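Throw the hints in and build the complete structure from the sequences for me.
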Amino acid sequence: MYKKYDRRNFVKLSTSGTFDDADSFRNIFPKEAFPQNQTGSKTLRLGFIGIGGRGSYHLNAALGIEGVEVPAICELKPVRLYQAKRWIEAAGLPTPRLYDRGPEDFKRLCESEDLDAIICCTPWEYHTPVCVAAMKNNKHAVTEVPICITIEEAWEIVEIYESTGKWATMGLEFFYNLPILNMIQKGLFGDIVHAETGYIHDLRMVKFTPEEEPWRLQHSLNRNGNLYPDHPMASMLLALDINHGDRFDYIQSMSSNSVMLNNYAALNYGKDSLYAKAKVSLGDYNASIVRTINGKMMTIIHDTSTPHPREDYRIQGTKGVYLSNGKRIYLEGISPKEHEWEPADKYLKEYAHPVTVNYNPPPRKGGAIQGHGGGGTQTPQHWDRLVRALRENKLPDWDVYDSVTSSAIIPLSCASVANRSQAVDFPDFTKGKWKTSPRINLV
Amino acid sequence: MNKIYYNRRKFVKLSTTAAVGGAAVLSGIGFPKEASAQIQTNNRTLRLGFVGIGGRGSYHLNAALGIEGIEVPAICEVIPKRLQQAKKWIEEAGLPTPRLYDRGVTDFNRLCETEKLDAVICSTSWEWHTPVCLAAMKNDKHCVSEVPIVLTLDEAWQIVETYERTGKWATIGLEGFGQLSLLNMIQKGMLGDIIHAETGYIHDLRFVKFSPDEEPWRLQHSIDRNGNLYPDHPMNKMLPALDINHGDKIEYLVSMSSFGGMLNDYAAIYYKNKNHPLTKTKIALGNYNASLIRTTNGKMMTLIHDTSTPHPRENYRIQGTKGLYVGDATSKKIYIEGLSPVEHEWEPADPYLKEYEHPIAKNYNPPPRRGGEIQGHGGGGTQTPQHWDRLVRALRENKLPDWDVYDSITSSAISPITEASVANKGKAVDFPDFTKGKWKTRPPITLT
Numbered sequence: 001m002y003k004k005y006d007r008r009n010f011v012k013l014s015t016s017g018t019f020d021d022a023d024s025f026r027n028i029f030p031k032e033a034f035p036q037n038q039t040g041s042k043t044l045r046l047g048f049i050g051i052g053g054r055g056s057y058h059l060n061a062a063l064g065i066e067g068v069e070v071p072a073i074c075e076l077k078p079v080r081l082y083q084a085k086r087w088i089e090a091a092g093l094p095t096p097r098l099y100d101r102g103p104e105d106f107k108r109l110c111e112s113e114d115l116d117a118i119i120c121c122t123p124w125e126y127h128t129p130v131c132v133a134a135m136k137n138n139k140h141a142v143t144e145v146p147i148c149i150t151i152e153e154a155w156e157i158v159e160i161y162e163s164t165g166k167w168a169t170m171g172l173e174f175f176y177n178l179p180i181l182n183m184i185q186k187g188l189f190g191d192i193v194h195a196e197t198g199y200i201h202d203l204r205m206v207k208f209t210p211e212e213e214p215w216r217l218q219h220s221l222n223r224n225g226n227l228y229p230d231h232p233m234a235s236m237l238l239a240l241d242i243n244h245g246d247r248f249d250y251i252q253s254m255s256s257n258s259v260m261l262n263n264y265a266a267l268n269y270g271k272d273s274l275y276a277k278a279k280v281s282l283g284d285y286n287a288s289i290v291r292t293i294n295g296k297m298m299t300i301i302h303d304t305s306t307p308h309p310r311e312d313y314r315i316q317g318t319k320g321v322y323l324s325n326g327k328r329i330y331l332e333g334i335s336p337k338e339h340e341w342e343p344a345d346k347y348l349k350e351y352a353h354p355v356t357v358n359y360n361p362p363p364r365k366g367g368a369i370q371g372h373g374g375g376g377t378q379t380p381q382h383w384d385r386l387v388r389a390l391r392e393n394k395l396p397d398w399d400v401y402d403s404v405t406s407s408a409i410i411p412l413s414c415a416s417v418a419n420r421s422q423a424v425d426f427p428d429f430t431k432g433k434w435k436t437s438p439r440i441n442l443v
Numbered sequence: 001m002n003k004i005y006y007n008r009r010k011f012v013k014l015s016t017t018a019a020v021g022g023a024a025v026l027s028g029i030g031f032p033k034e035a036s037a038q039i040q041t042n043n044r045t046l047r048l049g050f051v052g053i054g055g056r057g058s059y060h061l062n063a064a065l066g067i068e069g070i071e072v073p074a075i076c077e078v079i080p081k082r083l084q085q086a087k088k089w090i091e092e093a094g095l096p097t098p099r100l101y102d103r104g105v106t107d108f109n110r111l112c113e114t115e116k117l118d119a120v121i122c123s124t125s126w127e128w129h130t131p132v133c134l135a136a137m138k139n140d141k142h143c144v145s146e147v148p149i150v151l152t153l154d155e156a157w158q159i160v161e162t163y164e165r166t167g168k169w170a171t172i173g174l175e176g177f178g179q180l181s182l183l184n185m186i187q188k189g190m191l192g193d194i195i196h197a198e199t200g201y202i203h204d205l206r207f208v209k210f211s212p213d214e215e216p217w218r219l220q221h222s223i224d225r226n227g228n229l230y231p232d233h234p235m236n237k238m239l240p241a242l243d244i245n246h247g248d249k250i251e252y253l254v255s256m257s258s259f260g261g262m263l264n265d266y267a268a269i270y271y272k273n274k275n276h277p278l279t280k281t282k283i284a285l286g287n288y289n290a291s292l293i294r295t296t297n298g299k300m301m302t303l304i305h306d307t308s309t310p311h312p313r314e315n316y317r318i319q320g321t322k323g324l325y326v327g328d329a330t331s332k333k334i335y336i337e338g339l340s341p342v343e344h345e346w347e348p349a350d351p352y353l354k355e356y357e358h359p360i361a362k363n364y365n366p367p368p369r370r371g372g373e374i375q376g377h378g379g380g381g382t383q384t385p386q387h388w389d390r391l392v393r394a395l396r397e398n399k400l401p402d403w404d405v406y407d408s409i410t411s412s413a414i415s416p417i418t419e420a421s422v423a424n425k426g427k428a429v430d431f432p433d434f435t436k437g438k439w440k441t442r443p444p445i446t447l448t
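Read top to bottom, the protein sequences are chains A and B. At position 283 of the first sequence the residue is numbered 283 (our numbering), and the sequence of numbers has no breaks. At position 7 of the second sequence the residue is numbered 7 (our numbering), and the sequence of numbers has no breaks.
To be clear, the hints were calculated from the coordinates, so they are not data collected in a lab. Nothing here was measured: the structure is a model prediction, and the numbers come from that model. Glycine included, each C-beta is placed from N, C-alpha and C at the ideal position. There is no bait here: all hints are sound.
Derived CB-CB ranges, DEER-like:
hint, chain 1, residue 1, chain 2, residue 2, range
1, B, Arg103, A, Asn294, 48 to 54 Å
2, B, Gln220, A, Asn419, 31 to 37 Å
3, A, Glu152, B, Asn297, 31 to 37 Å
4, B, Asp213, A, Pro336, 23 to 29 Å
5, B, Thr448, A, Lys337, 36 to 42 Å
6, B, Glu355, A, Thr209, 32 to 38 Å
Next up, the structure:
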């Protein structure tokens with residue numbers, strides 16, 4: 001059972017649509033990876049594995065781009081598989097080959113098909129196996145988050161990348177808070193001292209509803225730590241120059257007790273129902289503090305079980321601080337009143353990131369994008385950038401090292417929680433290259 | 001080392017919360033339920049000695065002098081100007097001229113040994129708080145100290161042992177408890193069971209640490225120590241909200257600090273000299289410190305300390321099984337499941353904070369105050385502050401103060417424990433059970 005509706009990104013997007021600037025949605029390239037020359041129109045061959053809510057969105061977005069073909073699709077549920085097939089045919093493309101022989105059939109797809117890349121939108125536990133199968137069969141892999149859930153998986157991805165030259169990425173994850181990143185990189189906050197955000201999103205219903213993501217419940221039963229770090233990391237990784245001049249040194253994580261999921265089951269399914277009594281590992285609230293080699297700090301929160309609106313983002317530098325709660329900013333010597341907030345809006349506008357300002361979406365075939373995360377009528381920038389990376393043989397926005405670094409917070413935080421918040425060293429997936437790897441300047 | 005300097009922190013704190021937090025914060029003090037009935041206060045004359053009369057000490061002295069039936073027979077202060085001003089205030093209040101203790105930094109010992117007093121009010125610099133408390137308790141006096149009451153675990157245990165042996169208490173009782181309306185809501189179950197609380201002391205003290213008229217002795221603490229150096233203000237909200245020492249206790253904590261250096265940079269600005277020695281002095285304190293604290297019952301706290309970066313003040317966020325609150329000086333929001341109008345969306349907290357105004361704030365009827373506006377840092381009001389009224393009533397009625405000995409030292413002991421954790425790469429450090437098991441049966445702090 002590896003395909004279920006994926007609501008999280010939909011909800012996330014609709015929320016951030018309300019609160020964040022449009023560029024928060026979009027995705028960007030490392031400077032060296034993306035010159036301003038004209039994109040080629042080489043035909044790209046993509047295979048889709050897992051076509052639930054989020055997979056539908058990605059397929060629909062891809063089908064709107066000129067020169068993208070989808071020769072093969074893999075999905076367990078016939079309803080979803082045949083809907084995807086019809087979409088591909090309706091886009092005027094050849095009928096795709098269907099891979100539907102069980103949860104491991106993605107391997108046959110990777111072995112049989114000649115593709116530039118596969119797009120993986122399965123449940124979490126298949127992300128690394130799908131990436132590995134793709135890379136070993138001469139294909140790049142683009143996966144939903146998290147890209148890995150164990151350290152062994154993280155290293156496996158790094159090693160296969162380094163031996164094959166085929167990359168795996170969570171490059172369709174967005175970088176968030178781009179105007180703030182722009183301000184940071186222009187030095188307005190001075191040197192960054194501390195960043196804090198999290199994934200604070202009430203998923204109790206999502207974890208229990210068959211049409212949502214009930215496989216997530218199993219992760220909550222089995223694991224205690226930060227189970228979903230990649231969305232907050234999409235704000236903080238670049239802001240802290242992780243793997244690009246600095247790197248994570250060690251992490252400490254703490255969880256509260258767990259009562260919320262049992263309570264939710266009791267309320268909705270009865271006091272004697274299975275999950276009202278099941279032992280839930282995941283603490284209702286988890287906080288991790290992470291220190292970098294250069295002495296910066298990060299606080300990253302995970303709370304998917306308590307009732308709440310969404311998380312805040314706070315970043316403190318030697319010259320000022322930004323707080324997303326009320327979008328407020330204080331810059332020493334610039335803000336009109338000493339030690340008092342001022343509204344951040346004019347800064348967010350003035351420092352809108354060039355990749356956002358300059359995005360000129362290519363014409364899209366078809367109407368509004370379907371699937372969870374959809375609704376827009378233009379090609380999302382992260383898809384445009386991914387397609388250009390593939391056509392020009394460039395690295396994607398999240399390279400292999402950054403992708404696995406972000407998701408590795410999961411197993412490392414779990415290890416720390418299991419050992420009374422003990423400091424757990426962060427592996428250097430770059431093997432020293434972080435020292436010389438330049439800051440990511442998105443262009 | 002000089003023991004008395006201007007103490008600005010409380011002034012800034014109070015003036016901020018006054019703008020922001022409503023009267024409940026200012027008057028935020030109360031008694032354990034058993035300690036204070038609504039009975040008429042008796043007017044027994046109280047004899048108080050003041051040790052350390054800088055900015056904050058002036059405020060306390062001035063507040064005390066406004067209360068009927070308080071005498072100040074003895075004062076102790078190393079700076080003559082301050083000592084003489086205090087003497088003058090006491091005489092102007094129509095009280096007998098106090099005896100003056102001015103023979104150096106340990107002259108409080110002579111005061112405690114010589115004088116017959118109900119209590120000593122200690123507003124010295126940090127390192128003298130415990131010595132003053134111990135001298136008072138050992139000489140048959142209660143002691144009311146500014147925060148922090150201790151800097152080391154040795155000091156904390158000494159205070160507990162002295163209290164248990166003598167029956168004389170030491171307290172940070174003039175600290176008060178913060179966010180009383182919210183505490184009232186929590187104790188009425190509005191947020192369900194508390195899961196996590198986060199706040200801190202986020203207050204840019206670079207100027208205060210360098211200016212001779214402010215608290216330059218604070219700079220030495222930053223040079224010597226790395227951890228959370230000032231936990232008591234945030235703890236005045238979280239300790240009662242999480243029932244610490246009253247049904248739950250702190251089990252362990254881990255603490256992490258960022259790189260330092262802001263104070264070196266500031267030295268160059270302050271002295272307009274890039275080569276000033278303090279630009280090169282090794283500063284132990286990280287610019288940002290965060291501690292994760294777990295309780296025996298599985299609740300969590302995130303506690304922050306940042307006195308060096310440029311910023312407005314801290315947030316307070318508290319999450320329970322039924323909802324949460326986030327508030328700071330200019331924004332207060334709440335979400336309560338099933339009660340807030342839109343699912344998973346904030347609503348303004350103000351109507352709740354008004355509706356659930358704590359009874360002790362609502363019912364406070366300040367006694368007539370002699371004299372005009374209160375002087376000193378924290379002053380400005382024209383009525384007796386509720387924390388002073390409650391302290392006086394506790395003393396007159398032989399009750400415990402709002403912060404008892406165990407709660408007081410638990411709050412301040414966070415400092416040395418964070419330092420131990422930071423020094424050991426964030427290792428979890430067990431929190432001592434100062435109550436020796438009594439936390440299990442001590443009832444929640446219900447202020448009446």
